[in-house]
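Listed in order, the protein sequences are those of chains L and D.
Here the first sequence is numbered in the working numbering, starting from 1 and rising by one per residue.
Here the second sequence is numbered in the working numbering, starting from 1001 and rising by one per residue.
Don't read these hints as lab results, they were simulated from the structure.
Among the hints, a few may not be true.
[Stated by the list, open to error] Listed next, the stretches of chain L that the computed footprint assigns to chain D, with coverage defined by at least 3 CB atoms under 8 Å from CB atoms of chain D:
no.: 1; region: 44-52
no.: 2; region: 82-94
no.: 3; region: 103-110
We put the beta carbon where it would ideally sit given N, CA and C, even for glycine.
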Amino acid sequence: ETGVTQTPRHLVMGMTNKKSLKCEQHLGHNAMYWYKQSAKKPLELMFVYSLEERVENNSVPSRFSPECPNSSHLFLHLHTLQPEDSALYLCASSQGGGAYEQYFGPGTRLTVT
Amino acid sequence: AQKVTQAQTEISVVEKEDVTLDCVYETRDTTYYLFWYKQPPSGELVFLIRRNSFDEQNEISGRYSWNFQKSTSSFNFTITASQVVDSAVYFCALSEALYGGATNKLIFGTGTLLAVQP
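So that you can see chain L by itself, here it is in the shape it has in the complex (with noise of 0.2 Å):
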């Protein structure tokens, strides 16, 4: 099993929809992030955890809510969604501190109709 899973991998919903996304991680680590990534677009952070606090909202709509529950596991709750956001979300985690690599689990790949 890798160190960082998601669910689902792929999904597709309606603008009026509300839908979640599950990251957990397996690798003892302290920190937890969510990413977006759009074609033609740099990975954009989106959120980021600390031993479970939001240290970084980096300018999201609220139409992304994003909720930490432990140090394991890592939601971004969606409601409202636009066309625009469809992307692939990516999680990641790692030990903390900026001498530390980022772990990616394999992404969402969302699509909003």
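Fit chain D to the known structure of chain L by using the hints.
Chain D in isolation, oriented as in the chain L frame:
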């Protein structure tokens, strides 16, 4: 502001050729960390290497090697004798400390798509 530039959008080589992926970064920090990640078609970013700003020694790992030069703010990645399995998007990233250093954020370049033809 921190920035990472990967000027090569796409590179195509034939198997067994050597290929170098360029990365140029900008930062005002005196201590920083640089990374390379590989993203195969499956989508998952795979960590390849981390380098801190105080260590300018080149590193070699099998067919992979990295050339870090602070004087030119570059951290280039060379694949020797490329193989079809090397086909992927490669990202260079710069680390920026957050929350008093308790965690970090990665600033990614736009990536270089490497296609290795058989």
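Cross-check of the supplied hints:
1. 44-52: Holds, because 4 residues of the region 44-52 of chain L bring their Cβ atoms closer than 8 Å to Cβ atoms of chain D.
2. 82-94: It holds, with 4 qualifying residues against the three required.
3. 103-110: That given contact holds, which follows from 6 residues of the region 103-110 of chain L lying within Cβ reach (below 8 Å) of chain D.
When held up to the earlier numbered hints, the structure conflicts with none and fits them all.
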